[in-house]
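Trainee: This is what each chain is made of:
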Amino acid sequence: MRRALRGTVLPVALLVVWEIASHGGLVDPRILPPIERVARTAIDQVANHGLLGDLGFSLLRDMIGFALGTLAGLAAGTVLGLSRIADRLFMPTFNGLRQIAILAWIPLIAIWFGMGEVAKIVFIMAAAFIPVVLNTHEGVRSASAQLVEVARTLTFTPWQIVTRLYLPAALPSIATGVHLALIYAWVASIGSEYFMTVGPGIGGMIIAGRERFEMDLVMLGILILGLVGYLINRSASLLEAWLSRWQRA
Amino acid sequence: MRAVSLPSPAASLAFPPAVIALLFPAFLLVMWSLAARLGWLPPQILPAPGEVGSALVELARSGDLLHDTGISLLRVVEGFAAGCALGLLLGIAMGLSPTVEDYVRPLFTAFAQVPTLGWIPLLMLLVGIGEGLKILVIAKAAFVPVTLNTLAGIRAVPSHYAEVGALFRFSRWQMLSKVVLPAAVAPIFAGLRYGLTHSWNALVAVELLASAEGLGYLLVWGRQMFWLDTMMAAMAVIGVVGFLLDRVMAALELRLQRWRLA
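Protein sequences appear in the order of chains E and P. One point on numbering: in my numbering, the residue at position 94 of the first sequence is 95, and numbering is uninterrupted. One point on numbering: in my numbering, the residue at position 158 of the second sequence is 396, and numbering is uninterrupted.
Some hints here could point you the wrong way.
[As the list claims (entries may be wrong)] A short list of chain P residues far from chain E (calculated; beta carbon distances all over 12 Å): (1) G288; (2) G291; (3) L304; (4) R343; (5) E401; (6) P420; (7) A421; (8) A424; (9) F464.
[What the hints assert, rightly or not] Residues on chain E that point at chain P, a partial pick, calculated with CB under 10 Å: (10) I36; (11) R38; (12) F91; (13) Q100; (14) V188; (15) G200; (16) G204; (17) E215.
[What the hints assert, rightly or not] Distance ranges between label pairs, derived from CB positions: (18) P:A323 to E:Q161: 17 to 27 Å; (19) E:E212 to P:L312: 27 to 37 Å; (20) P:E401 to E:Q161: 47 to 57 Å; (21) P:A323 to E:L11: 37 to 47 Å.
Simulated from the structure, these hints should not be mistaken for lab results. Where a beta carbon is used, it is the ideal one built from N, C-alpha and C, also for glycine.
The following block holds chain E by itself, in its conformation from the complex (with noise of 0.2 Å):
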């Protein structure tokens, strides 16, 4: 109990400052809006601007870019996992391209797909299949010897030595892998829609408050960034204790 308290201090005293700063006149309000301003603002893009729209497609440029990137991801790093000769052939190439910051690929992503929706879902998908594909790999290579030995003697055949063997051994890893899919694939989202600013969005908002130097949306857009990566990275946790929940047993 004290414990939480104390953590409240800091946020508590910040706001407090906040609200004397900018109602004092110590700070421009267009530097720094009040706090209840900002609220205001948030009512008035909810009830007349669409701001839960922009959050929906927002959040579903997300899933769907990253649906897609994880089932891929899923894909290659099985195959790369299984096959030597595959992880030789393609593994280096990988790691090469994958040096490339994400958002530097945004530009020639923009060219190649268009500035609209199938490039932004195009660039979120890349987001989401480097993790994937990396930790599936890993989980899928770390299965123990012994054991597919074990299932060879007992004639698996390769389907099921596939499914029982090395997919629940490489689990834990490839939930870590989805987990951070789903923390890049949102912070893709908004950085997709920073740079191809066609069509409605969180991130299209907070661009547009920068534009016209309205700092209350700005403030409104990075809060409702961090609560929904919260709650995305909440889940994710969730998930990912889930899947593997047998180990402990």
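With chain E held as given, fit chain P onto it using these hints.
Mentor: What follows is chain P alone, placed relative to chain E:
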């Protein structure tokens, strides 16, 4: 009983790994050249590999490449240093004192929850689009992982280390510099390395959004001019520099941990 040696699957691959690793890029390069030469794709969509190469040479010869890479590196070094210094301080403070952690952790978590990309527009309104913006954004990117790893690293130091230190009547400073920090070097360094990667990504983000120089700007410029060869050359340099930065950190990491091996 004699150990039975099974033929390893790798032995069936007749070529050394490096050759195999180069097969796929070589194939891509051939397809890329063919696609460009036979006009499968217009050069506005896919310039020939040779053009990307000559764009790179041209950028290098004109001095633009060196200038932009230098600018970007300087920004990363400055921002990363600031972010690390703050992250180490906060991580050590929280790691040593649960009271400090109680006070600071919730605010820190809220701050860390918003991705670096989210802070950029806010900071643009606050500090403009000058060098200050770049340093702040890059510092923030390094600050969060460095703080978290330093905190976790210090917490993971076995308590009997501290007991030995207490036996020697070490002062607080000695305890920190002679016991806690050396024992926590590995996780702290993992945080620094991670932080540098984040810093480099943040640099690309901030230069794409608001800059008139640097490697990210080179990309923006190429995009505006529809010079795909320049863009691809810039991407390659971004990849190589990012990779080298990480290698430098890995080498430092190894060096700092030599005492463990001895």
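Trainee: Kindly indicate which numbered hints from before are broken by the structure, ordering the numbers from low to high.
Mentor: 4, 9, 10, 11, 15, 18 and 21
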